[in-house]
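**Q** In case you want the letters, here they are:
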Amino acid sequence: ILNVEQSPQSLHVQEGDSTNFTCSFPSSNFYALHWYRWETAKSPEALFVMTLNGDEKKKGRISATLNTKEGYSYLYIKGSQPEDSATYLCAFKGSQGNLIFGKGTKLSVKP
Amino acid sequence: DAGVTQSPTHLIKTRGQHVTLRCSPISGHKSVSWYQQVLGQGPQFIFQYYEKEERGRGNFPDRFSARQFPNYSSELNVNALLLGDSALYLCASSSGPGQGAYEQYFGPGTRLTVT
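Protein chains in written order, with the numbering used here: chain X, 830 to 940; chain F, 2 to 116.
If you are wondering where the hints come from, they were derived from the structure by calculation, not from laboratory data. Among the hints, erroneous ones may be present.
Stated by the list, open to error - Computed list of lysine-lysine pairs in PhoX-like fashion (alpha-carbon distance at most 25 Å, straight line): (1) K898(X) with K939(X); (2) K14(F) with K871(X); (3) K871(X) with K887(X); (4) K871(X) with K31(F); (5) K898(X) with K886(X); (6) K898(X) with K871(X).
Unchecked claim - In silico negatives: residues of chain X with every beta carbon more than 12 Å from chain F: (7) Q835; (8) G889; (9) Y903; (10) K907; (11) A920; (12) G926; (13) V938; (14) K939.
It should be emphasised that the depicted structure is a prediction, and the values quoted were computed from it without experimental measurement. Glycine residues also receive a C-beta, built at the ideal position from the N, C-alpha and C atoms.
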């Protein structure tokens with residue numbers, strides 16, 4: 830059984846704080862690692878698809894790194910804003926092309 | 002361009018009934034995947050279709066079935082509904098088959114409640 834673990838489960842930060850979350854996944858048979866941002870009552874929003882060991886991707890204040898050899902990815906948010914409040918999901922791409930999701934990290938940013 | 006659309010948005014059914022959920026992918030996308038998300042868990046993979054063929058199936062009972070039409074839209078059918086089928090059902094579309102680093106774009110989901 831393939832497990833994707835995310836930590837922490839939830840996080841409360843003040844506006845302006847920088848923060849990061851961790852996603853751990855199986856290091857064998859790696860195809861891709863996806864990050865999504867999911868606000869309540871909306872569709873999950875694709876942030877990054879990462880495929881290569883050492884990959885670093887950035888979108889505005891959000892960036893992500895990938896280590897396929899040890900099986901982890903970090904998502905960083907610089908200068909958190911209240912609109913960053915959401916659940917951040919990572920997903921490991923399995924051999925069928927399906928996404929295997931973690932339970933997510935719920936971020937709350939207080940003004 | 003419209004994103005992934007799903008219908009209906011909410012649905013209430015009773016145990017033993019069947020349900021059909023619908024999904025229209027992003028224009029030009031040929032792959033549709035279905036996921037079930039229950040509270041407190043990440044989405045769980047149910048099916049993937051590419052070019053109207055089933056390409057992957059998750060660990061769900063045979064009561065769950067799906068198909069993809071020539072216009073690449075898809076239906077998810079669930080028979081003999083159980084209380085435990087209550088969940089948010091998400092559809093995702095992609096431009097390519099499951100294998101490979103194709104992004105999957107999600108719809109807003111259908112919230113199914115079984116009473």
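**Q** Hint by hint, say whether it matches the structure.
**A** Hint-by-hint comparison with the structure:
A threshold of 25 Å between alpha carbons decides the hint, and for K898(X) with K939(X) the separation of about 36 Å lies outside it, so the pair is violated. Under the criterion of a C-alpha separation no larger than 25 Å, the hint pairing K14(F) with K871(X) is consistent with the structure, at around 23 Å. With a C-alpha separation of about 22 Å, the suggested pairing of K871(X) with K887(X) holds against the 25 Å cut-off. For the hint linking K871(X) to K31(F), the alpha-carbon distance of about 23 Å falls within 25 Å, and the restraint holds.
Between K898(X) and K886(X) the CA atoms are separated by roughly 18 Å; this keeps the pair inside 25 Å, and the hint holds. For the hint linking K898(X) to K871(X), the alpha-carbon distance of about 34 Å lies beyond 25 Å, and the restraint is violated. Distance check on Q835(X): its Cβ comes as close as 8 Å (rounded) to a Cβ of chain F, failing to clear the 12 Å threshold; non-interface status is violated. G889(X), annotated as away from the interface, keeps every beta carbon of chain F farther than 12 Å; the closest lies near 17 Å.
Listed as a non-interface residue, Y903(X) keeps its Cβ farther than 12 Å from every Cβ of chain F; the least gap is roughly 18 Å. Distance to chain F confirms K907(X) as a non-interface residue, since its nearest Cβ pair spans about 23 Å, more than 12 Å. Under the 12 Å C-beta cut-off, the non-interface status given to A920(X) relative to chain F is violated; the minimum distance is some 7 Å. Non-interface status of G926(X) relative to chain F is broken: a Cβ of that chain comes within 12 Å, the nearest being about 1 Å off.
Distance check for V938(X) against chain F: the nearest CB is about 22 Å away, which clears 12 Å, and the non-interface claim stands. With a closest Cβ-Cβ approach of about 23 Å to chain F, K939(X) is found to remain outside the 12 Å limit, as its non-interface label requires.
Violated hints for the displayed structure, listed by number in ascending order: 1, 6, 7, 11 and 12.
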